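Asker: Spelled out, the chains give:
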Amino acid sequence: MSLLTVEGAVSGYGEMQVLKGVSIHVDDGEIVSIVGPNGAGKSTVMKLVFGLLKPWEGRVTFAGQDISGMAPERVVRLGLCYVPQVENVFPTLTVEENLEMGAYILDGPLKSRKERVYDLFPRLAERRRQRAGKMSGGERQMVAMGRALMLDPRLLMLDEPSAGLAPLLVDMIFEKVAEINQTGVAVLMVEQNAKRSLELADRGYVLAGGTNQVEGPGSTLLRDPEVARLYLGG
Amino acid sequence: MSDPTFFARSALLAVPLYLLLVVVLRGTSAILKHAIAVVAALALAVALVLMLPPGSLSYFTTFLLMGSVYAVLTLGLNVQWGYTGLFNIGIAAFFAIGAFTSALVTTVEPTGSMAAFTQQLFGLGAPFWVGLLAAGLASGLLALIVGGPTLRLRGDYLAIATIGIGELVRLVFQNERWLANGPQPLRGLPQPLSCLASSEGCSYLPGFVNAFFEPLSPREYPYIYVAIVAIVLFLVYVGLERAIRSPWGRVLRAVREDEDSAAMSGKNVAAFRMQAFVVGAVIMGIGGSLYAHYVVAIDYGHFDPLYGTFLIWVMLMLGGSGNNRGAVLGALLVWAIWTGASFAIDALRPTLASISPELPQRGPYVRFLLISLLMLFIVLYRPRGVLPEEKVVSLARD
Amino acid sequence: MTEAPTISRGRAFRRAASHALSSRWSLLALLGLLAVLVIVFGALEGIPASRLLGLTVRGILLGGALALGALGITLVFGVLKMANFAHGDYMTTGAYLGLVVMALIPASAPILGLGFGYEFVIALLIVMPLTGLVAYGLDRVTFRRLRKRRAAPIMMAMAALGLAFGVRSIIYMVFGADFTFYYQGGPRPIVELLPGLRVRTDQLFILAAAVVLIFLVYLLLERTKIGKAMRAMADNSDLARISGIATERVVFWTWLISGGLAGAGGMLYALDVQLRPEMGWWLLLPLFAAVILGSIGNVYGALFGAFTMGIVWQVSSAFVNPAYGPAAAFVVMILALLVRPQGLMGRDK
Chain A
47 MSLLTVEGAV SGYGEMQVLK GVSIHVDDGE IVSIVGPNGA GKSTVMKLVF
97 GLLKPWEGRV TFAGQDISGM APERVVRLGL CYVPQVENVF PTLTVEENLE
147 MGAYILDGPL KSRKERVYDL FPRLAERRRQ RAGKMSGGER QMVAMGRALM
197 LDPRLLMLDE PSAGLAPLLV DMIFEKVAEI NQTGVAVLMV EQNAKRSLEL
247 ADRGYVLAGG TNQVEGPGST LLRDPEVARL YLGG
Chain B
2 MSDPTFFARS ALLAVPLYLL LVVVLRGTSA ILKHAIAVVA ALALAVALVL
52 MLPPGSLSYF TTFLLMGSVY AVLTLGLNVQ WGYTGLFNIG IAAFFAIGAF
102 TSALVTTVEP TGSMAAFTQQ LFGLGAPFWV GLLAAGLASG LLALIVGGPT
152 LRLRGDYLAI ATIGIGELVR LVFQNERWLA NGPQPLRGLP QPLSCLASSE
202 GCSYLPGFVN AFFEPLSPRE YPYIYVAIVA IVLFLVYVGL ERAIRSPWGR
252 VLRAVREDED SAAMSGKNVA AFRMQAFVVG AVIMGIGGSL YAHYVVAIDY
302 GHFDPLYGTF LIWVMLMLGG SGNNRGAVLG ALLVWAIWTG ASFAIDALRP
352 TLASISPELP QRGPYVRFLL ISLLMLFIVL YRPRGVLPEE KVVSLARD
Chain C
-12 MTEAPTISRG RAFRRAASHA LSSRWSLLAL LGLLAVLVIV FGALEGIPAS
38 RLLGLTVRGI LLGGALALGA LGITLVFGVL KMANFAHGDY MTTGAYLGLV
88 VMALIPASAP ILGLGFGYEF VIALLIVMPL TGLVAYGLDR VTFRRLRKRR
138 AAPIMMAMAA LGLAFGVRSI IYMVFGADFT FYYQGGPRPI VELLPGLRVR
188 TDQLFILAAA VVLIFLVYLL LERTKIGKAM RAMADNSDLA RISGIATERV
238 VFWTWLISGG LAGAGGMLYA LDVQLRPEMG WWLLLPLFAA VILGSIGNVY
288 GALFGAFTMG IVWQVSSAFV NPAYGPAAAF VVMILALLVR PQGLMGRDK
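Protein sequences appear in the order of chains A, B and C.
Numbering-wise, the first sequence is residues 47 to 280 according to my numbering.
Numbering-wise, the second sequence is residues 2 to 399 according to my numbering.
Numbering-wise, the third sequence is residues -12 to 336 according to my numbering.
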């Protein structure tokens, strides 16, 4: 049984339909990447899963539970954490406070959890008392991911984690994603940088026009010239 | 008829009834609408004069009068809020400026012993309609001055700025004796066509007119004034209805719907907002003048935040913002509720007294509470009001 | 192509100039300029410096009560993104609740050196959470509905306006329209801070109480989980939800604190001046002026704004009719907005 399944999702914003029938699944410990042209609905799928959007049709299941349209505050308790693409940190809070907010639903001490995040992102350890809003793009992305990891999620959802970052930082982010995955966390990511994300992913989906167009192991998709021509810009 | 005033009163009462019916009635055929309105107004007027005792009838007349004055003010607010989205919580300022300007323009500066009691900046002794126009002008001028620095602010900042203007104007009229006798009232405002209600009649009107109104005594002046107010209201209403269907009105609506695209299509958004603000203020000033010449003596207390600002907001929200018909209807409705509540509370005196001996004399505040609850109800459950905005068809095509 | 560099240089210069003119320093310079003008005009009109100093001190003391109100407004604005026009009337509510509570508590002898007894302090401690609960209760029946509907902020402000008048009407109904005092004709001890500079000890207490409360709020916002959650929500409420923050609990605490501060501010202000049903509405203007000057939503800004406006209010009475005090604060707010619309602590554009 898959960790996360989305079956036949149809949804949109207001009256505008964006998803016209999307089905994906993520298994435990996998890295799954969703790529596709702009406006295909990649981010929309993420928001749907996390409960920021309600499905008009279709279902979302996580760890055997139907979470279709469930409020984000409840979804997060099930072990599913989400890093939005933009505005993904609390700018006036320090790095440390951002992490604390990530574990808000927990009552006990957070020291060990914070240490784990600092181990993963040593740069953050040095800057733990700095305001997140004053950090560079790459550091901010680290804070955003760190916040999401505080709850030890089973599945981490990343919306365009490399967006707007310099190539060196893009490498670093994807390395970190791999590192995170190695600790047993499944990763579902949406990416513009299709090549890099498919290299990393176990499986990929190509989304276009609001539906799945192609799916398969990351490496297969990478080598498929059709896919490359139509959707990956060659 | 044993009552000599019957014809005069019926005729006068028919005027506001007819005009209000024309505003309120909806219909595709204008001729039919006017015909029905004339007939209904005359019938209603005659019926009322015949059936109601004089006291109740004059109460009804003053109700119609004040309702119409507030309708003018509400129309002014509709231009600012309904059509442009400007959150003006300082209506009282424009209301007051209009009233006091009209007062200063139409009264004469007291001389001799009277000068010790009443101080005012100037007194031109001009006729009523000059006062009316001056009131609109002064109010528009205030809007121009105030709008410059404040209209570009975001919505809630503008609201605070308008609260500030309201307070500032109130403070000025309360403290500056030399301006308008503050805090004492400025009295003796002339009442237009009051000569008709006197025994001599008006020298500038033809004989048959004077003869027709001869039976009226000064006590029945409100009948004359309500007709005047209704005519002014009607002119303002018609003017606004035309304006909103004009190219100018279309730009206004475009600005309200989507300011960014309006700006991108080259419209000077700031200028349009200012124009709407000023036009609305001019109308509020006119309302102020109408009010002043009815109550004849004004002071700063008439323009407090409740009567001068909040009540008008409730009127517009109930009637439906963005909708001139709704503005007039809302004004009349809320004024009816306000006066009706007065009766209800009087009737409930014993109950109130049983709760607390001081409560009956605080009756006005019970009304205050009811109106606040009405406002909350509208905002929470019916924000579009009784008459939601209708689709406006423009006259000119681009 | 020789034209282009000149044009872009000119534009760059204008942009840099406008940037500098709307910077934080320019705003402070404006305030400094106003201070200089006050001193100059004071000298010209023969107002003794001691009087100006006394008024400034009085302004700082008054600023304490204003700071509590401003803090409440800015917290609600930051967390809930709405302008609470009913806040002034919440302060009035607190003041009148204080009257009721003090009537129920046996009066004690005036505390050492002050003009009031322990009953005032006890009432203060009771009224604060009470007003906070009233504020939360009113939120549940009004603003919460609008939040669920994702209503525009201006509709929330309109509802707040309705609440303001509604609350005030109840106070009129229960207490009547007359003004009243906590202590009629009691002792009003004075202390001389400097030669010629006299203040009432009660006013020093007001400032001290305000400082204590402000410090407690600071501790709450910086050191407690719920305080950080409030700041997080103010930063980004969507991300707060995503992180699992219980937003309705944060809303509860925000109103509890905002209302509590309003209650305290109202009681302290009434202690110094008087109780009137309109007192809160009249305070709205200087309070919002303070909040806007300091940048709406910013706690430190609200404090700066409150003390500044307190000084402006009091010092203006040396030049114009004291009734115009709030209007003077309003004028300074408008000037500040012209120079820097985002306020002192706002982000540079």
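Simulated from the structure, these hints should not be mistaken for laboratory data.
Among the hints, erroneous ones may be present.
Pair by pair, the computed Cβ-Cβ distance ranges are [unchecked claim]:
1. C:Lys68 with B:Asp347: 35 to 45 Å
2. A:Tyr59 with C:Lys68: 53 to 63 Å
3. B:Thr352 with C:Gly163: 40 to 50 Å
4. C:Ser13 with B:Ala272: 47 to 57 Å
5. C:Ala233 with B:Ser343: 40 to 50 Å
6. C:Lys68 with A:Arg123: 40 to 50 Å
7. B:Asn176 with A:Leu152: 57 to 67 Å
8. A:Gly60 with C:Arg1: 34 to 44 Å
Restricting the straight-line Cα-Cα distance to at most 20 Å, the calculated cross-link-like pairs of lysine to any residue (SDA-like) are [claimed, not checked]:
9. A:Lys157 with C:Tyr123
10. A:Lys180 with C:Phe202
11. A:Lys93 with C:Asp225
12. C:Lys212 with A:Glu161
13. C:Lys212 with A:Ile151
14. A:Lys100 with C:Asp335
15. C:Lys135 with A:Leu98
16. C:Lys212 with A:Gly110
17. A:Lys180 with A:Lys157
18. C:Lys135 with C:Trp269
19. C:Lys212 with A:Asp153
20. C:Lys68 with C:Asn223
21. A:Lys100 with A:Gly110
22. A:Lys66 with A:Val260
23. A:Lys100 with C:Arg228
24. A:Lys180 with C:Trp240
25. C:Lys68 with B:Leu154
26. C:Lys212 with A:Val260
27. A:Lys157 with C:Asp335
28. A:Lys180 with C:Asn223
29. A:Lys180 with C:Glu209
30. A:Lys241 with A:Asp198
31. A:Lys100 with A:Arg123
32. A:Lys100 with C:Pro116
33. C:Lys68 with B:Arg155
34. C:Lys68 with A:Arg175
35. A:Lys180 with C:Gly333
36. C:Lys135 with B:Arg383
37. A:Lys93 with C:Asn223
38. A:Lys100 with C:Gly333
39. C:Lys135 with A:Ala171
40. C:Lys68 with C:Val198
These figures come from a predicted structure and were not determined experimentally.
Note that beta-carbon positions come from the ideal geometry of N, C-alpha and C, so glycine has one too.
Asker: It remains to establish, for every hint, whether it holds in the given structure.
Answerer: Results for each hint:
Checking the proposed 35 to 45 Å range against lysine 68 of chain C and aspartate 347 of chain B shows it holds: the Cβ atoms sit about 43 Å from each other. One distance hint, 53 to 63 Å for the beta-carbon pair tyrosine 59 of chain A and lysine 68 of chain C, is violated here, with the actual separation near 21 Å. The hint said 40 to 50 Å for the Cβ distance between threonine 352 of chain B and glycine 163 of chain C, and at roughly 19 Å that hint is violated. Our hint of 47 to 57 Å for serine 13 of chain C and alanine 272 of chain B is violated, since their Cβ atoms are close to 27 Å apart.
The given range of 40 to 50 Å is respected by alanine 233 of chain C and serine 343 of chain B, whose C-beta atoms sit roughly 47 Å from each other. Taking the beta carbon of each, lysine 68 of chain C and arginine 123 of chain A are about 26 Å apart, not inside 40 to 50 Å as hinted. Taken as a hint, the range 57 to 67 Å holds for the pair asparagine 176 of chain B and leucine 152 of chain A, whose Cβ atoms sit roughly 60 Å apart. Separation of glycine 60 of chain A from arginine 1 of chain C is about 41 Å and conforms to the stated range, judged on CB atoms against 34 to 44 Å.
Annotation: proposed proximity of lysine 157 of chain A to tyrosine 123 of chain C is violated, straight-line Cα distance about 34 Å (limit 20 Å). Note on lysine 180 of chain A and phenylalanine 202 of chain C: the hinted pairing is violated, with a Cα-Cα distance of about 26 Å set against a maximum of 20 Å. Between the alpha carbons of lysine 93 of chain A and aspartate 225 of chain C the distance comes to roughly 12 Å, so the proposed pair stays at or under 20 Å and holds. Distance hint between lysine 212 of chain C and glutamate 161 of chain A is fulfilled; the C-alpha atoms sit about 19 Å from each other, no more than 20 Å.
Using a Cα cut-off of 20 Å, the hinted pair lysine 212 of chain C and isoleucine 151 of chain A holds, with the two alpha carbons roughly 11 Å apart. Between lysine 100 of chain A and aspartate 335 of chain C, the direct Cα distance comes to roughly 37 Å. Violation of the 20 Å bound is thereby established for this hinted pair. This hinted pair checks out: lysine 135 of chain C and leucine 98 of chain A have alpha carbons roughly 14 Å apart, not beyond 20 Å. Under the criterion of a C-alpha separation no larger than 20 Å, the hint pairing lysine 212 of chain C with glycine 110 of chain A is inconsistent with the structure, at around 32 Å.
Note on lysine 180 of chain A and lysine 157 of chain A: the hinted pairing is violated, with a Cα-Cα distance of about 24 Å set against a maximum of 20 Å. Proposed proximity of lysine 135 of chain C and tryptophan 269 of chain C is contradicted: the alpha carbons are some 31 Å apart, above 20 Å. With a C-alpha separation of about 10 Å, the suggested pairing of lysine 212 of chain C with aspartate 153 of chain A holds against the 20 Å cut-off. This hinted pair checks out: lysine 68 of chain C and asparagine 223 of chain C have alpha carbons roughly 11 Å apart, not beyond 20 Å.
Among the hinted pairs, lysine 100 of chain A with glycine 110 of chain A is consistent with the structure: their alpha-carbon atoms are about 19 Å apart, no more than 20 Å. For the suggested pair lysine 66 of chain A and valine 260 of chain A, the alpha carbons sit about 15 Å apart, so the restraint of at most 20 Å is met. Proximity of lysine 100 of chain A to arginine 228 of chain C is assessed by CA-CA distance (about 15 Å); at most 20 Å being required, the pair is judged to hold. Taking the CA atoms of lysine 180 of chain A and tryptophan 240 of chain C, the gap is about 28 Å. The hint is violated against a cut of 20 Å.
Restraint check for lysine 68 of chain C and leucine 154 of chain B: the C-alpha separation of about 16 Å stays at or below 20 Å, so the hint holds. Restraint check: the Cα-Cα separation between lysine 212 of chain C and valine 260 of chain A comes to about 46 Å, which exceeds 20 Å; the hinted pair is violated. As the CA atoms of lysine 157 of chain A and aspartate 335 of chain C are separated by approximately 36 Å, the hinted pair breaks the 20 Å bound. A hinted pair counts as satisfied when its Cα atoms are at most 20 Å apart, and lysine 180 of chain A with asparagine 223 of chain C qualifies at roughly 16 Å.
The straight-line distance between the Cα atoms of lysine 180 of chain A and glutamate 209 of chain C is roughly 18 Å, inside the 20 Å bound, and the hint therefore holds. At most 20 Å may separate the alpha-carbon atoms for a hinted pair to count; lysine 241 of chain A and aspartate 198 of chain A exceed this at roughly 28 Å. For the given pair, lysine 100 of chain A sits about 18 Å from arginine 123 of chain A by alpha-carbon distance, which is consistent with the 20 Å threshold. The hinted pair formed by lysine 100 of chain A and proline 116 of chain C fails the criterion: a straight-line CA distance of about 38 Å is larger than 20 Å.
This hinted pair checks out: lysine 68 of chain C and arginine 155 of chain B have alpha carbons roughly 13 Å apart, not beyond 20 Å. Of the supplied pair hints, the one linking lysine 68 of chain C and arginine 175 of chain A is violated, its CA atoms being roughly 27 Å apart against a limit of 20 Å. Using a Cα cut-off of 20 Å, the hinted pair lysine 180 of chain A and glycine 333 of chain C holds, with the two alpha carbons roughly 15 Å apart. Between lysine 135 of chain C and arginine 383 of chain B the CA atoms are separated by roughly 15 Å; this keeps the pair inside 20 Å, and the hint holds.
The hinted pair formed by lysine 93 of chain A and asparagine 223 of chain C meets the criterion: a straight-line CA distance of about 16 Å does not exceed 20 Å. For the given pair, lysine 100 of chain A sits about 35 Å from glycine 333 of chain C by alpha-carbon distance, which is inconsistent with the 20 Å threshold. Our distance criterion of 20 Å between C-alpha atoms is broken by lysine 135 of chain C and alanine 171 of chain A, whose separation comes to about 39 Å. Between lysine 68 of chain C and valine 198 of chain C the CA atoms are separated by roughly 26 Å; this puts the pair beyond 20 Å, and the hint is violated.
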